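Participant: So you can see what is in the structure, the chains are spelled out below.
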Amino acid sequence: MPSELLIGLIFLPLLGACLTVLPWRWSTRLGVFAGLVSLPVLLVALTLAVIREGAWYYSLGGWTAPLGIRLFVDPLALLMLWMVAIIGGVAAAHAWHDFRPGTPEGARFWPLWLLLTAAMNALFLSADLFNLYVCLELVTLAAIPLIAMAGTATSIRAAMRYLLLALLASLVYLLGVALLYNATGTLDLYLMTQTLAASDGPATSLAFALIAVGLLLKGAVFPLHVWLPNAHASAPGPVSAVLSALVVKTAVYLVYRLWLWTLPAEDPMQGAVELFAVLGAAALIYGGILALLQERLKLVIAYSTVAQLGYLLLVLPLASVTAWQAASYQLLSHGLAKAAMFLAAANILHAVGSDRLADLERLDQRTPLSLFALALGGVSIMGLPPSGGFLAKWLLLEAAWQEGRWLLLFVLVLGSLLAAGYVFRILAAALRRADPTEAEDAEGTSPIGRRQAGYALLLALLALLAGFGAAPILEVIDAGAPAGWSAP
Amino acid sequence: MNFGWQALPLYVVLISVVTAMLIFALGEGRQHVRTTLNLGGAILKLALIMLMLLAIQSGASFEFRMSLLPGLDLVLHADRLTMLFATLSAMLWLITTVYAIGYLEQSPNRARFFGFFSLCVAATMGVASAGNLFTFFIFYELLTLATWPLVVHRGTPEAFAAGRLYLAYTLVGGVLVLIGLIWLHALAGGSDFIVGGSLAPLAAGNENALRTIFVLLMLGFGVKAALLPLHSWLPRAMVAPAPVSALLHAVAVVKAGAFGLVRLVQDVFGFDLAASLGLADVLAWLAAATVIYGSVLALRQSDLKRRLAYSTVSQVSYIALGVATGGMLATVGGLVHLVHQGLTKITLFFCAGNYAEGLGVHSIEELDGLGQRMPVTSVCFTLGAFGMIGIPPLAGFVTKWYLGAGAVAAGAPWIIAVIVASTLLNAAYFLPLVHRLWFRPLPEAMAERALAIRGGRMQALVGPTVVVAAMALLAGLFAGTPGSPLFWVIRMVGGES
Amino acid sequence: MIALTIDAIIAIGIVWLALQTVRGANVFSAIIMFIVFGLIMSLAWARLHAPDLALAEAAIGAGITGALLLVTWRRVHVLEGRTPQVGMAARSLWLTLPTALAAALLIASLGWVALTLPAEPATAGELAWQRLPEMGVSNPVTGVLLGFRAYDTLLEMAVLLAAWLGARVVASELRPGALPGPAHEEVPLVGALLSLVVPISLLVAVYLLQAGGSAPGGAFQGGAVLAAGGVLLCLTGRLESADQTSLIERIVLILGLAVFSSVGLMMLPLGEPMLAMPGVWAIYLIETALLLSIALTLVLLFAAAPGLRRSS
Amino acid sequence: MILLAIILPLLLAAACLLWTPGHWRALLPAASLPAVALALLPAERSVLDWALLGMTLGPDASGRPFLLLLGVTWTACAWFALGYIQRHVRSFWVFWLLTLTGINLVFLAQDTAAFYCGYALMSLAGYGLVLHERSGEARRAGRVYLMLALFGEALIITGLFLLAARFGNAELATLGERFAGAPEADPAAAFLFAGFAVKMGTLPLHVWLPMAHPVAPVPASAILSGVIVKAGLFGWLRFLPPEAAGAAPPVLALIVLGLAGAFYAALFGLTQQRPKAILAWSTVSQMGLLLTLFAASLLGVVERELLLPVLGLWVLHHGLNKAALFLATGCAPTTSSWRILLFAFPALSLAGLPWTSGALAKDAAKSGLDAAHMPEWVITAFALTSVTTTLLLWHLLVRLRQTDKPAAAHPAWILLTVAGLLLPWFWAGTIGQAAFPDMVKIWDGLWPLLLAATAILIWQRAQIPGLSLPEDEMLALGRRLRPVIEAIPKVPKPAPPAAEHVSSALMSVLRRVEGRLTQLPIVGPFALALLLTAWIIGAF
Amino acid sequence: MSATATIYLLTAAAVFGIGVYGLLQARQILRQLLAINLMGGAIFLLLITLGGGAEGPPDPVPQAMVLTGIVIAVSATAFALALLVKLQDATGSSDLDPPDAE
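Residue numbers (our numbering), protein chains in the order written: chain A, 1 to 488; chain B, 1 to 497; chain C, 1 to 312; chain D, 1 to 540; chain E, 1 to 102.
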């Protein structure tokens, strides 16, 4: 039974996408419901199964690896799937208003959205390098049109740049896969390990280097982040949320998989984690500073993503159970918080008509709920308690401390200060009053506005709650720590 | 986790959180509901605290524990120190709320204001009842968050500049605490506050680590406590409305920092360990320097609230000074100042607010002759000023008495020089104000200016002022009475060390 | 030796054409070079014992891609009346040099690594040969595509669908379609030619489809050929763009994905694993659906139109 | 009664704060009557352990003369003030009554904290009295008064801290026994001595006194000079038991200081022009004498026992007479012969004319000093101060005649003068010091007066021109020095840091970098470089 | 390794490099897309050659992969071309980095 859950996670959205292509309104609704609402239900069952049975493989078509393609589910995958379900689901609910079924926009939006969901689910479950390539391409090709749905010149330009670099990234990755296949005779992530341990030579390391660069490009890691800010900032709100919270994480997820699971512990290529850490540190600082320099709300949030991704790479050299917890929790809390912020930003943009920081005065009057969601998300991003982000930062610092990485510690701290800088810059802009004596104007928020704000708030509250519910989550996560990281 | 009777500290914190949320949800209109909520929350909280106080008197103990991370618990408990701070904040919150309702009448963004106001108090309660450093830190940072909107409440460029500075300082301070905390966690695990310190068994071999940790935490808490090189945010934060300044200075932010220092010395390191590592001296010197420096700078301010702010810089360090001096007497002096400074300073800020609201008076020069226009406020101000100087029988005297005696008893007579010098400086910057109030002629323009507070507003503004002034007076006058802050502190220190 | 010479010539041709594509005097000639590059590539595939690829490269890589490139080039450059720009000259040396250097390093290292790779037969490949009989088809490539790695193929259909959906999202309202309007001037011979070519393409497609089981060919090649027929119909104005995607078109578009998924799911209740093929018929069923979907998607992508209809 | 003494003035002060004193103002002088009762009625003691740090209040032997002085003088002066004060009436009475509360507390306190509480209240409320006229001169005087008062308080509190560390809120009565041998004794005693010396106007801490007393309204000057300065002495007596002085008390040094003050002040007073300033300097001089006596009482327990009544008598005598003289300055004493007579009684009493209370006090003092085995020159010098005092009071009379403006003679003045004549005798009787002088003593009292009279005659004959010096002699010196101090060059402020420029430049650079980075030909090589780096890390 | 394999491997390496260079250097997006397709072709060539295509019997797995890759490439190219047209509509330029932006 549990394995059918995996199938459901991939194929329900996929078939849902097929349904939404059909022209009827009911088919779209049915497709969306089948593809999105079912996910949390499946995941509850899956979570119980994972807790009960631990990680397991599922061979598609009954063809065992290395011949066939396997699915693999473990706590990390489970975490990512949950994020897809929750963040994707809430973002979809938010999108429901702007992209109603039956309208031309809705007809264009939902199939892509469901394909994106299916692609991410497939990606997080796949255990096959080439299959992952297909998944990555599907993610890219589903995500970029969604960016372009905004229709503005900036969004088109951003989509184009994203597309070109994503294609470059995919191809670089594919080249690596080709080399690896030849060197190991298999495409399975987990079978490969044994062969890799036996083989050595420049080919596998070049292959991993290629894969790394491909993933770093897709994951928008400094200095290869250049496509991200505009793409994320110019997309429609729910799309931005999913892009920042989930899509870029796919690449990071694969880096984790490859370096922590596939690569043997003693492989010299493990040295690349130091490079990742350096890049992560640079991203943290650079992204933070750039976020401080932005004049538009969504760009600030987008650069914040660049910075926050740095945390995820910084963890790699630490190799401890704490570091593992830190990485998982950062994945989760950043996802929730960032999605909340983008949804809130979309509401603000909608209400104000501009997301230039200079135009955002008196937001606490105009869009109080969205601002609140934005602020709560910001709290988590800054890593201030009580929030999931705080716990993640705490774990990161603790992990860095345990390993005696002082420089890393410094960078982490600096990064969080920069984050505080840009978050509070937004809030300051939002609370500003052009004329302090001016009387309040009771602009009522429309019911729709309230509902839309409610979605952002929901995610923000989840990010907040993550600050309290860590113990059970981490208990599950701990069981999935990669080999070598679980030792106390 | 235990959500029953034992979790009372949690509920005390939650009351304010819920109040805040309801206020946010209520929005800008519905003034009466909001007022009812505000006062209801404050009174309920005070009642709960009184209940806890009684229970603790009769030997009960409270603890709420919840695992946040493996090996790290969120602990809320209630020891005597908690109750001291919690009672003070709850009481002053109630009074300040009344005051703020009057103060902000007709001004915009009240929902936001009162929401964050409540949140701020929730954080303060959390700080008070935190049972370990980790929990303390959580609420400490929450406090930063909740205060910032209050600091920038006016929405003017100066307010934002002040807010920026405030954040820069407090966030960096938070980071320092965080680092220290992580280090400590690595050394000692999630150590709870234990009277006399929980680190003593670790001391051997870890001296330098512990020293560094102490300094990190000290600087971190020192930011909010406005210790010497870290104080500049405080005067700038004066752009906030008067109730905020009052709360900031008397109850919440600054006190949280000072309270952190107390916890650090008393319950984390323990005074003996801190002293044997030479750390208590460091803190004492720093605090002493702050005491003097703050006073000297206060002398140079011509804006009333800024002068009060620098006075706070100076006065709050008494707390740290007392605790760092060690010994029963000085500790009593330091801890009791937690309450005394709160009462006195809130009086002064209320008065400053009354002057500002009533006659638009902000600078010291404008105080001339106001004793005639606003006699009650001026009497309260005078009482507050005398309390700050430490003139008996006001509360400030009791503090200084114990501090001074404690300094000698602890073999650090140089501290007397600090206290005396500070007293003189206090007098030097407060007495001219009193002089202006009572002995300068009232300028024509001021005599003709209409008093902007009257009617119900008058009661809401002057009433709390009188109440806190009376409390500041009575806390000193009846210091020997059972139930007075001094009495409580003496029992606490005497019973525990 | 002769074989080696041929290989060398093909290789030189490939590299030269690649260079020409990149350095071509103008975009148009670059596209032409690229199309030729694709054709030569299919020769290389043939030389490398990959006839399936040779077919696919010719039909898709060179054919459809080329057609897409050319029609887009026309829409972007010619219709706008812009003078084609010189390819490389505009970048300054400071921008060119690092790239060139890096590319050269890349070529060197890639070449070196590829040459030092131990040429050991791959395990997965060996297994595929061994277990091919279980699939019921004799073409190992089809076996892999629709059997062992059917999941890849399924997702690939999703990619194709996503591409079409994406193209719909960014469809230009200002410049509808690349198709000639109704007033297109008819060349006399075209009609006769079409009436010959289109049925042939259909025939070839069907042949490729059924041959895929045992010989080179399959849904992709067949679909591409069918699409080529469709492209011709478009180019000659037999088909013109419609404002809406018709229901049939929609169904055909998702047909591949839906049928593939359904067949895969079908076995689940029977206790079989997902995507286990119930028999050869299922492979052919899926292949047919894939062929139709691929062909229609490619034609629609070429036409850059929501849908097609017969010209009035 | 004790509480009444504290609370009555407080209540009246509150009443005055709220309402301008109206027809009930006649009550105001009564505020100080409980003190009289406390001085005369049998001792009682209240322990108020709920108040402050645990208060104990009650009159004792050393306090009674002070209380008597306080009660009588204050009542009389208040009576005088009822009519005299016309401006800032409320303010005057509030401070008047607060001062009264404070000094009551000082004289009644039996524990350290309560004493200090009263002392501080008295000092600060006294500021209001000094400043009553609100003139520029009053302000200046007030400022100096306040600064020195605070300085004194600071010294006192320092001393008290030192005591408190050992004894807590020490009960004053037993302080002496416990003081002995305590390591803090010496520094505590030094601080306390210096602190109270400020109030006493002991050289060189007297600066405030000649400034403050003249500017205050007449009744205020009267109590300042007559009563409040005595609080300093009272503090000495309370906190400096003979045991406190330790092994080698610097008694002689203190005596010299006291005598020097007595002579210096009297002589300096001769250079003054304003009657009240002259009287103030006289007070400084007299306080020097009290210091001498007090110093002698430090020698040991026996000496203290011996001199304590003498000090009490002296306090009573000087207080009443000095207050009477101050009131006299408000009653145009030279405008009629009976007024001159009335003026002469206290003046001559101060000068020590036999049969006056002054003579009584001086005799007692001399015999006390004798009994304390003081060197002969001390006693001689002590006697010689009568000469200077006489000269000074003569000078006062001369100045009064030149400046007097017509004014009504207030009955309070007469009352006080009479009290000054009689009360010390009465008091001496109650403590067994009253004795009619024999001839030796009469001569002892008379020769200084004769000497002074001779000097006056010579002076008038020789027509030596009067010298006029400012009242605030030390501050005047300071003013001379100011240009010198200001000439010291100031350290220039450093230029504002260039950090802002640097950071904004950095920001614009970063913006440009980010703009460039988005271009493929730039980000591409980066990616390739990363690739090679990663590869090199892994492969080599 | 056979000579044929060597030849094609080197060809693949060269074409990939040329593709990278072209992608990064080209101004027009059309050219960049061509370059991307060249890179794809090079990878496919590498896969097949390494998959024993030169010696036979060929490994069917890489062949299937390449087939999938080709379809993906054409999908991506098709979408990119549609986006290009839209880009020109929206910005009036078919370049990402117009010369004046430098």
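Treat the hints with care, since some could be wrong.
Stated by the list, open to error - These stretches of chain E come out as covered by chain A in the derived footprint (C-beta under 8 Å, 3 or more residues): (1) 20-32; (2) 35-41; (3) 71-80.
Unchecked claim - Quick list of the computed label-pair ranges, beta carbon to beta carbon: (4) A:Pro472 / C:Ala100: 37 to 45 Å; (5) B:Gly27 / D:Met147: 53 to 61 Å; (6) A:Val41 / C:Met266: 21 to 29 Å; (7) B:Gly456 / A:Leu465: 39 to 47 Å; (8) B:Ala289 / D:Met507: 31 to 39 Å; (9) B:Gln31 / D:Ala26: 45 to 53 Å; (10) A:Val41 / C:Ser29: 41 to 49 Å; (11) B:Gln31 / D:Met507: 51 to 59 Å; (12) B:Pro443 / D:Met147: 39 to 47 Å; (13) D:Ser337 / B:Glu448: 48 to 56 Å; (14) B:Glu207 / A:Gly469: 35 to 43 Å; (15) A:Glu475 / D:Leu510: 37 to 45 Å.
Derived by calculation from the structure, the hints in this document are not laboratory data. Just so we're clear, the structure is a prediction, and the values are computed from it rather than from any experiment. From the three backbone atoms N, C-alpha and C, an ideal C-beta is built for every residue, glycine too.
Participant: Holds or violated: the segment 35-41 of chain E covered by chain A, criterion of 3 or more residues with Cβ-Cβ distance under 8 Å?
Facilitator: Result for this restraint: holds, n = 3.
Participant: Could you tell me whether the CB distance from Gln31 of chain B to Met507 of chain D stays inside 51 to 59 Å?
Facilitator: violated (44 Å)
Participant: With respect to the beta-carbon atoms only, verify the hint that Pro443 of chain B and Met147 of chain D lie 39 to 47 Å apart.
Facilitator: violated (26 Å)
Participant: Has the hinted range 37 to 45 Å been met by the Cβ atoms of Pro472 of chain A and Ala100 of chain C?
Facilitator: Distance hint for Pro472 of chain A, Ala100 of chain C is violated at roughly 55 Å.
Participant: 35 to 43 Å was suggested as the range; check whether the CB atoms of Glu207 of chain B and Gly469 of chain A agree with it.
Facilitator: Once the Cβ atoms are compared, 39 Å apart, the range 35 to 43 Å for Gly469 of chain A and Glu207 of chain B holds.
Participant: Against the range 53 to 61 Å, how does the distance between the Cβ atoms of Gly27 of chain B and Met147 of chain D compare: consistent or not?
Facilitator: holds (55 Å)
Participant: If you check the beta carbons of Gly456 of chain B and Leu465 of chain A, does the distance land in 39 to 47 Å?
Facilitator: holds (41 Å)
Participant: Tell me if the beta carbons of Val41 of chain A and Met266 of chain C are separated by a distance inside 21 to 29 Å.
Facilitator: For Val41 of chain A and Met266 of chain C the Cβ distance comes to about 22 Å; the hint holds.
Participant: Has the hinted range 48 to 56 Å been met by the Cβ atoms of Ser337 of chain D and Glu448 of chain B?
Facilitator: At roughly 54 Å between Cβ atoms, Glu448 of chain B and Ser337 of chain D fall inside 48 to 56 Å, so the hint holds.
Participant: Three residues or more, CB to CB closer than 8 Å: is that satisfied between the segment 20-32 of chain E and chain A?
Facilitator: holds (count 4)
Participant: Could one say that the CB atoms of Glu475 of chain A and Leu510 of chain D fall in the range 37 to 45 Å?
Facilitator: holds (42 Å)
Participant: Counting residues of the segment 71-80 of chain E whose CB is closer than 8 Å to a CB in chain A, do you get three or more?
Facilitator: holds (count 5)
Checked against the numbered hints above, the structure breaks hints 4, 10, 11 and 12 and satisfies the rest.
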